[in-house]
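Protein chains in written order, with the numbering used here: chain A, 1 to 299; chain B, 1 to 299; chain C, 1 to 299.
Be aware that a few hints might be false.
The list treats identical chains as interchangeable, and a pair is accepted whether it falls inside one copy or across any two copies.
Here are the computed lysine-lysine pairs in the DSS-like style, where the Cα-Cα straight-line distance is at most 30 Å [stated by the list, open to error]:
| no. | residue 1 | residue 2 |
| --- | --- | --- |
| 1 | K86 | K296 |
| 2 | K298 | K81 |
| 3 | K257 | K280 |
| 4 | K86 | K99 |
| 5 | K298 | K285 |
In case anyone wonders, no lab produced these hints; they're calculated from the structure.
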Amino acid sequence: MATVLRRLARFSQTGLSAHRKNGWSFALPHSVSNHRNSSTSSKIKVDLDSNTGIAVMRFQSPPVNSLSLDFLTEFAISMEKLELDKGCRGLILTSAQPKVFSAGLDIMEMYGKSPERCSEFWRAVQEMWIRLYGSSMVTMAAINGSSPAGGCLMAISCDYRIMADNPRYSIGLNETKLGIVAPFWFKDTMMNTVGNRETELALQLGHLYSSSEALKIGLVDRLVPEDKVLSTAMETMANWFTIPDHARQISKSMMRKPIIDKLLASREADIKNFVSFITKDSIQKSIGMYLEMLKKRKA
Amino acid sequence: MATVLRRLARFSQTGLSAHRKNGWSFALPHSVSNHRNSSTSSKIKVDLDSNTGIAVMRFQSPPVNSLSLDFLTEFAISMEKLELDKGCRGLILTSAQPKVFSAGLDIMEMYGKSPERCSEFWRAVQEMWIRLYGSSMVTMAAINGSSPAGGCLMAISCDYRIMADNPRYSIGLNETKLGIVAPFWFKDTMMNTVGNRETELALQLGHLYSSSEALKIGLVDRLVPEDKVLSTAMETMANWFTIPDHARQISKSMMRKPIIDKLLASREADIKNFVSFITKDSIQKSIGMYLEMLKKRKA
Amino acid sequence: MATVLRRLARFSQTGLSAHRKNGWSFALPHSVSNHRNSSTSSKIKVDLDSNTGIAVMRFQSPPVNSLSLDFLTEFAISMEKLELDKGCRGLILTSAQPKVFSAGLDIMEMYGKSPERCSEFWRAVQEMWIRLYGSSMVTMAAINGSSPAGGCLMAISCDYRIMADNPRYSIGLNETKLGIVAPFWFKDTMMNTVGNRETELALQLGHLYSSSEALKIGLVDRLVPEDKVLSTAMETMANWFTIPDHARQISKSMMRKPIIDKLLASREADIKNFVSFITKDSIQKSIGMYLEMLKKRKA
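The task is simple: from the sequences and hints, build the whole structure.
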């Protein structure tokens, strides 16, 4: 949290890019994104249309929108900014990369890193979920590609999910398939979406659901052709905007606050758990072998 | 509670109307209903058939069976009487008004009233739910008309719901649409009926479900032609009566007691919340404007 | 617990039957099963195939695999043994009796028995559930016959349920129909399987679901022809085995531990409840009449 706040402070000193006529769009200035990444482009593009009150966040971190510390920090900063902007009532998450919404947590953040760095990373993962699941905005995932693990978490933390009707795209919490375990707040979010029994199967089997399977169990709310995903989200948002914000926000909070509070109450323990697990020799070795395999596959 | 008990005491002093041959029916005597309302007729008609053990409660408070303090007090008194009557094993709620089961809480009880009166009203709303959701009788809603907000709460507090198969009738907790928020025990009852995810959508959007949508999500259990709603409830009740009462009651209590206890533990705070919200100038102004609009619509 | 442990101790002193080439199978030696039952055969046959890592437990306690104290003790011993066997990753429960998976708790254990014996019996019922619901193995019920009450509990305590597609076989917690009540942990297990609303109906009505109804509400996961039940379980198990055990086990525990802990925290109170209920004169009289009726039916 301290880290994110420090970054937020740094960010607000450097200022944002210029406002457009109706709304604004921004990319993080280099001073923020450069200190960790040589890429000069930001990982998330945000466009707010002040006519509609809808912000679109496009993930543009090639190749697969992995949730790196830089990505997550940008995400938290963008969320903070949008929450404070009275002209913004709704947020749509979508991907600018082909075939993938987000591939989930960046495995490079878990390999050969110091415990301090792992801890900072995990705090940023928590922060992403806390801000998104508890957002006062109407949040929608326009899922225009596959969405495993952390990508699935982002999607199910929104208020509504529209997915491209493409049998090659899948979504799910597939952690067990990789020998790791989704933390309890991933599980809680999944349970609140598809219920206890389906979550039991989903987590034990690490099942990746095809788009039509996902619709059937309620993991996503609607399937549309790929080129209609974003526009359908926009139209659906208009319907949600007919509800007075204040009443909707209290209703949402009533549903979601209990499980957010659960994480807030055990946040440090959850970080400790993650760090002690991920820094184990055996786990580091497994990840190393997995990365070797990936390299060979590419070659 | 104290108020309801005082009213119950007053009620039992004045006595009830005569018993019929097989069972009884009653209407509240004037001394009870008159002190608040000039209407000489009672708002709820209760008929108990001691041959079948089934009581039918007909809501007859024109035009839309609004849940006023008088209505709720009559309801609590009737429930108390039926619970104590060993000849009564089941209760069917239905409407004697055309096209509506109940329109929910009476908005006039929330406009221009003293905090004391608002507090008394809210306690009566709580009391209705506590008695109905925790009833030892088999309770069924014969939903022969629309059933928004508090009307929906009454329906989902029963053990079983049979609704008229009429696409013009709708049911749901639509509070957010009016800029207000369903309290946590409305939410808990809804969650226990349709699950977490559907409740999240239902409450955030204040969605009114058509009868067929309601069946699909499990908000009602069965659709039948309008003229069969009551008779189907009677037939279904006969099936429930094959189960020994005592075992069924303990099973029911095991399922429902936890969320009733939640309200009992925070009943006064819940009343305070309601009163402080509803007596706000801004809210009173909104209600006033809403009532003006209704008047104009009629004219 | 103490009793089960004593029995386990006795059991391990007497030793097990010989191992087969690839895996083993055992039947409890007489010294264990005889002291309560004159039958020389064991009530459960266990076969572990160490090639596949799958153990099959066949219930062979005629006529209907009632859960007697002896049966439950054998079950606990077998579970203990399999959990400790590193060659065993999965367990399939099925019946060697025609037309029935298990008829549930043995009513003879509840009739004319001392409070001490009733207490020992109930502890063994709890132990069965704690071991099965919390098993680290992949557990599957190959339901090749009817499965009421305690039989249903065993099935829903597994990770996956495959049932014979036979309309004459039924499954459900039908306790209320007999005038008794499923304890809270039966209820919790049911809720985790089919959700709150269906459990409310199921428990209040003591409903026995046909196989196709059971599939529809998610009480079982799959229907296959009767002669394919076991082989389908084997094939399904192979799919579950592709998931690393450790990650799957932690995920399972995350889902199930909370309700197991609830029973562990109130185990003695739960036993007291059962004993004081079952030893009541009125209940003993009811059971006696029920047994008389059964006798007459046979004659």
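Results of checking the hints against the structure:
With identical chains, the CA atoms of K86 and K296 are never at most 30 Å apart, being 50 Å at best within one copy and 33 Å at best between copies. Taking CA atoms no more than 30 Å apart as the test, K298 paired with K81 passes in neither setting, with 39 Å inside one copy and 46 Å between copies. For the homomeric pair K257 and K280, the shortest alpha-carbon distance between copies (25 Å) is at most 30 Å, but the shortest distance inside one copy (33 Å) is not. Neither within a single protomer nor between protomers do K86 and K99 lie at most 30 Å apart by alpha-carbon distance, with minima of 33 Å and 42 Å respectively.
Taking the shortest alpha-carbon separations for K298 and K285, only the intra-copy value of 20 Å comes in at or below 30 Å, while the best inter-copy value is 66 Å.
When held up to the earlier numbered hints, the structure conflicts with 1, 2, 4 and fits the remainder.
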